Amino acid sequence: MTNIEQVIGQSQHRSALSRVMNFQVFWVFIAAVLACLALTFLTDSFATERNLFNVARNFAFVALIAVGMTAVIASGGIDLSVGSTVVLSAMVISVLMEGGYPFWLSAVMALVAALAVGAINGVLIAYAGMPPFVVTLGMLSIARSLAMVLSNNKMIWEFGPDHDLLLWVGGGATLGLPHPLYVLTALVIVMSLVFRWTRWGQYVFAIGGNEHAARLTGIPVRNLKISIYMFSAFTAGLAGILMAGWLGSVTTNLGQAMELTVIAAAVIGGANLAGGEGTAVGAVVGALLIEVIRNSLILLGISTFWQGTFIGCFIIIAVGFDRIRRLRSAD
Amino acid sequence: MSRLRLSGISKHFGAITALNDVSLEIAPGEVLGLMGDNGAGKSTLVKIVAGNFRPSHGEIRIDDQVVDFHKPLDAQRDGIEVVYQDLALCDNLSAASNVFLGREPLRSFGPIRVIDYPQMRKRSAELFAQLKSETRPRDLVRRMSGGQRQAVAIARTLLSNAKIVLMDEPTAAISVRQVAEVLDLVRRLRDQGMSVVLISHRMPDVFAVSDRIAVLRRGQLVADKATASSSPEEVTGLITGAIEAA
Ligand SMILES: Nc1ncnc2c1ncn2[C@@H]1O[C@H](COP(=O)(O)OP(=O)(O)OP(=O)(O)O)[C@@H](O)[C@H]1O
Ligand SMILES: [Mg+2]
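As they're listed, the protein sequences go chains A and B.
Note that the numbering used here has the first sequence beginning at 1, numbered continuously upward.
Note that the numbering used here has the second sequence beginning at 1, numbered continuously upward.
Note that these hints are calculated values from the structure, not bench results.
Note that the structure is a prediction, hence the values are computed from the model and not measured.
Ideal placement from N, C-alpha and C gives every residue a C-beta, glycine not left out.
Listed next, with one range per pair, are the computed distances between beta-carbon atoms: (1) B:GLN220 with A:ILE142: 52 to 58 Å; (2) A:HIS163 with B:ASN52: 55 to 61 Å; (3) B:SER108 with A:TRP306: 48 to 54 Å; (4) A:ILE30 with B:ASN161: 44 to 50 Å.
Taking the hints into account, I'd like the entire structure generated from these sequences.
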């Protein structure tokens, strides 16, 4: 006879190790570490402070948005508009700051613009019942076009009285670490807790697992979806502000095709495109692997045109992994 | 006293009459077997009681109070729980999470409120024990047998202290051993004083657990009698129309 305590403690009869190894994040992380080690030995330039600083900063932008994308994918959706939201947010802050407005006000307005994009996505998907793919594809076009209208398609590199503050926020470093990395760390910690410990997090995964069931239990599925797309847009808006400061100039190509890298990062990190799975840490590890690959191609003198091939292979391998796990657990 | 009383319920879908003037009554702690051919209107009746549809005509009373449900949540508030044909569980979540989905207990840390997982696991382990099911709270529903999934769906109804549990073909797609498990679950619900409406095409299941049997044919109630005073032959005749009414 087993008592309640034992039953509670039990899950599947498997060791902790085998459970860790079942985690895609674990393998992706190992791959990234191996790549880093190999590069350290193969090149003189990888393990330099300068290069590591660049890697850390570059991957932070993709990782930030990949955390937002993970929420969307875990809920069974997709958000193709994040790259355009990045440029819209960056354009709003640049245009306002160029016009003499202070940094904080302009940053808030940039986030408001991003959140508005997310809210429109969410309402059309949740209330009008349109497929996320189509809605956010439309928004991909709209948001970038609005950024062009806003800036008259000119490059902006003069940010008014708070010019230096913007460059410091996005491009500066504290204690040797680039600022975007701090933002990313905070976001990942908060979202890991939110995904696991709050009702919102639980419902995101419930909707992705079985939307119909979620609705029947009385979960406010529609409003939740709106909040999910707004969160995704928020991360893109945040990345837009930081990128503006990092680059020191903003053009309307900013964030072009970024949605693909972001989705790749999330999927490589274990987000399941069928919904119901994904972690914030996974998104970051996925983004890290992509950036390490990109960096290694450059350092090894291989044409960066190969980058897409590598990333594509990793996506397919990641999805393949998932298939294998599923087949194994089916019997 | 009747727990649930339906009087003169009709439901039209455009030109289709899915239910025609159905009146039924269920006492507390009673198991009613609801039978009928495909398209007879069984699921429609369940959905009306569960608040998915509103009846075109007729009245629903719970504990002699007239109720009017606009959405499933209204019915839940009045103590009606449904175990759906397709079970409506989230495969990617644990058994405990599914039992508590939509009503997770929270614990406060200052202004922050987080899900109380230990409490959830403890309570669902108790519910599974109560149902004598070997379901473990931490297990993912994806890896469970059909019987264990039923236990999860049914534990939800225990959790909410439902008065009336509606089960739409709970034994349709599971193995013989699991059917026995589910029928045991139905008896446990009854022992807790809940009323159960069990829809099934499987004659032995209905005869094994129900106190009364009601038969629908083309939207009309053609029989409503004690199980003890009926027989599978009679019910088969009623379903097909070989016997007009009983
Ligand atoms: N939403 C709907 N819109 C239109 N017609 C419907 C709808 N739901 C049910 N019907 C019709 O109502 C009738 C009764 O259907 P119902 O699903 O209640 O049958 P059932 O007894 O549950 O059958 P089964 O044993 O196949 O589950 C059928 O003719 C069906 O086509
Ligand atoms: Mg049916």
